[in-house]
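Undergrad: Sequence:
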Amino acid sequence: MDEKRRSRKEGVVFKIDFEKAYDHVDWGFLDHVLQRKGFSQKWRSWMRGCLSSSSFAILVNENAKSWVKASRGLRQGDPLSPFLFTLVADVLSRLMIRAEETGITEGFLVGRDRTRVSLLQFADDTIFFSKASLDLLQNLKIILLVFGQVSGLKINLEKSTISGINTRQELLSSLALVLDCRVSECPLSYLGLPLGGNPKTIGFWDPVVERISRRLDGWKKAYLSLGGRITLIQSCLSHIPSYFLSLFKIPVSIASKTEKMQRDFLWSGAGEGKKDHLIKWEVVSRPKEMGGLGFGKTSMRNIALLGKWLWRFPRERSGLWHKVIASIYGTHPNGWDANTVVRWSHRCPWKAIAQVFQEFSPFVHLVVGNGERIRFREDLWWGNQTLCSQFANLYRVISVKNLTVSNVLGNSLPLSWNFNFRRNLTDSEIDLLQRLMSSLNSVFFSPSSLDSRAWSLSSSGLFLVKSFFYALSKVSNPLMFLPAKFLWSSKVPSKVKALAWLVAHGKVNTNDKLQLRRPYKALCPQWCILCKGNGESIDHLFLHCPVTIGLWHRLFNLVGLIWVPPRSLEDMLVISFKVLGNSLRGKTLWQIACLTLIWMVWQERNNRIFENKGRTEEMVWDLIRFYSSL
5 MDEKRRSRKE GVVFKIDFEK AYDHVDWGFL DHVLQRKGFS QKWRSWMRGC LSSSSFAILV
65 NENAKSWVKA SRGLRQGDPL SPFLFTLVAD VLSRLMIRAE ETGITEGFLV GRDRTRVSLL
125 QFADDTIFFS KASLDLLQNL KIILLVFGQV SGLKINLEKS TISGINTRQE LLSSLALVLD
185 CRVSECPLSY LGLPLGGNPK TIGFWDPVVE RISRRLDGWK KAYLSLGGRI TLIQSCLSHI
245 PSYFLSLFKI PVSIASKTEK MQRDFLWSGA GEGKKDHLIK WEVVSRPKEM GGLGFGKTSM
305 RNIALLGKWL WRFPRERSGL WHKVIASIYG THPNGWDANT VVRWSHRCPW KAIAQVFQEF
365 SPFVHLVVGN GERIRFREDL WWGNQTLCSQ FANLYRVISV KNLTVSNVLG NSLPLSWNFN
425 FRRNLTDSEI DLLQRLMSSL NSVFFSPSSL DSRAWSLSSS GLFLVKSFFY ALSKVSNPLM
485 FLPAKFLWSS KVPSKVKALA WLVAHGKVNT NDKLQLRRPY KALCPQWCIL CKGNGESIDH
545 LFLHCPVTIG LWHRLFNLVG LIWVPPRSLE DMLVISFKVL GNSLRGKTLW QIACLTLIWM
605 VWQERNNRIF ENKGRTEEMV WDLIRFYSSL
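The working numbering puts the first residue of the sequence shown at 5, with every later residue one more than the last.
For the record, the hints were derived by calculation from the structure and aren't laboratory data.
Predicted, not measured: the structure shown is a model, and the values here were computed from it.
All clues stand as given, with none of them false.
The calculated lysine-lysine pairs, modelled on DSSO-like cross-linking and capped at a C-alpha distance of 27 Å, are:
no.: 1; residue 1: Lys511; residue 2: Lys495
no.: 2; residue 1: Lys511; residue 2: Lys264
no.: 3; residue 1: Lys264; residue 2: Lys284
no.: 4; residue 1: Lys511; residue 2: Lys536
no.: 5; residue 1: Lys495; residue 2: Lys292
Simulated restraints, written as ranges between beta carbons of each label pair:
no.: 6; residue 1: Asn422; residue 2: Tyr194; range: 48 to 56 Å
no.: 7; residue 1: Lys495; residue 2: Leu419; range: 50 to 58 Å
no.: 8; residue 1: Thr106; residue 2: Lys13; range: 18 to 26 Å
no.: 9; residue 1: Arg48; residue 2: Ser393; range: 57 to 65 Å
no.: 10; residue 1: Asp117; residue 2: His281; range: 52 to 60 Å
no.: 11; residue 1: Lys495; residue 2: Trp71; range: 46 to 54 Å
no.: 12; residue 1: Ser58; residue 2: Phe448; range: 53 to 61 Å
no.: 13; residue 1: Asp21; residue 2: Leu175; range: 19 to 27 Å
no.: 14; residue 1: His557; residue 2: Arg215; range: 48 to 56 Å
no.: 15; residue 1: Arg219; residue 2: Leu175; range: 39 to 47 Å
Glycine included, C-beta positions come from ideal geometry on N, C-alpha and C.
Using the sequences provided together with the hints, build the complete structure.
TA: Right, dumping it as C-alpha cells:
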C-alpha cells in the first residue's frame, strides 16, 4: 500500500467478510478439493465420517430438544477444521491467479521486478488489491459469487469494505456501489493490525495503550501483593504490545508511556495514593541475573521481535513477502539480507526492520557447506571477525574482490588457495599468509549441502527472540551482585520472593529509609520495634537484631552448626550454605527456610507497629518451622 501511495497511481483495497465461514463449507466441494489434491479414497472417507458424525440440538430449559444432523460446515474447535478450511480457501487464491493470468483482474505491481500482489489470505481473513477500474472490480465480484456458489462460502458484501489509494472519492463511491459494500478509510484492520497506517503517529498505538488500560482497570490492585503485581506484569502487561512490536517500531513516547503504566502498577495500589518507587526502573527492567525483575525495556523487546524478520528473509525466498521486499528495496551486497539502506517510507515497517541489522548481525555467523555463497573476505564465517579485518594488510593486495569461499579454497580437500594477488608479497605479508593458511587448514566442506546461517546465541543455531532480547538487555556493569538463582528458583510464594528481592537491594522501608523519604511517617530512626533499641536498618532488622539473631541461631542449631553473623545481609545472601546437604531437596529446604525467616521477621515488625500485636521469639520460630516444613 505504501508503494502504491508513492507511485501516485489509483488503486483500491477490498476486504471481504465470509458469512459464517466455517458453518457454510460445502462437504461435496471439500471432498472434490481433497480428490484433486491427491488424497486417497480412504483418507477422504475418514474426513466424510468426521464431518457427518456431528449433530446439534436446541437447549430448552437446559434440556436438549430435537437433535439435528449436520449437512454442511466444519466444527469449530476441531483441530482438523482449520486445515480443511485452508484447502477450501486455497481454491479462491488459485482462481485469482488464473484470473490475473488471463487479464480478468489486475492487482498491484510492486517494486523493480513488478511483483504482482492481488490477494492476502489467512484462514477466513481475505483482502484484495486491485486497480481502480469498474470492469476489473465487476469481474472480481463475479469470481467471488461463483466461488461462493460452489464452495458454500458466501461473501457478506454488506460487511465487506473498500478503501482507496490515490483514488477520487466519486470513483471510490462508484466502485463501492458496484461491489455492494461500504467505503472505509485507511488504516484497515487486518489480522488485528492497522494496514496502511503510520506507525510513527501516536494514534496508531492507541489500541495498545487502551488494551493495557482496560487490563489495569479490571485488576483490583489494592488486593494484590507486590509479588502478585510482578507476576501480572511479567505474564501479561509486558507482552500486550508484542503483536504490534513484532512488525512496527514503537515511538519513544509510547514506549515511555507503557513503561510508566507498568511502573505505576508495580509500586502503587488502587486508592492508596502515590507510593515510593523503591528501585529505579532501569534496574527493575534488567534480567533477573543482573538484579532486575526481567521485564525488559520495551524498546529492546521491539528490536528483538523485529530481528525475527531479518532471520526469516534469507530462509523464505519463495514467500510472497520476501519477493515484495526484495523487489522494492533490493538485496544486501552479502547476498543474504535485504538492502539495509532504506531512504524512504515512513509507513512501511521495513525501514525500521532494516535499522535493526546493526544489532542483529554480530550474533549471526555463516556455516560453510559447499562454500559457493559465502564471501571469503567480507563475511563472518571463520573466527570472531571477518578475514578482511583479521588480515587487513594481506587483503589489500588481492586483485579480485567478493570471491566466494569455494573460489578461493575450492570445496574439497586439499585446499586450492586461489588468492590472485596483484603483486609479489613482502616478507611481512608472507608471514600473514602463512598464518592464514595455517588457521584455515581445519576448514570442513560439505559439497552436498548449501551454505547456511546460524544464530550464535542458541545451541540449535536457530534464531530465538528470547536470546536476542536477553543479549540486548545485558549491561556491562550491573549495580550489584544478587543471588538471583537463590531467590527466584526457591519454592516460596511470589510475595516472599518480592520482599527478599527488595531486601537484597537494600530498599525495604525500614525506619532509617523512611526518615529520608517520608520523615513524617517514620518512627524514631534510632529505635527498633523488635529489640527496643539500636537503629532500625535493613542489616539490623534482618541480621543483627537480638531477636533476629536468635531466630538465625535456632535455624543453624537445627542442623548442628555454630553460626557467626556476617557483616551485612548482602554477605549472608551470597554465602553458599550446604547445611542440609547437596541434594536438590536439601538446597530447596534451605532456600525456603532462609526466605521464610526474612518474611516472618518483616511480618512481625509490621504487626507490632501497625496492629500493636506481637509474638514471642518462640512463636515466630514455630511459624517459621511450620511454613518451611522443617
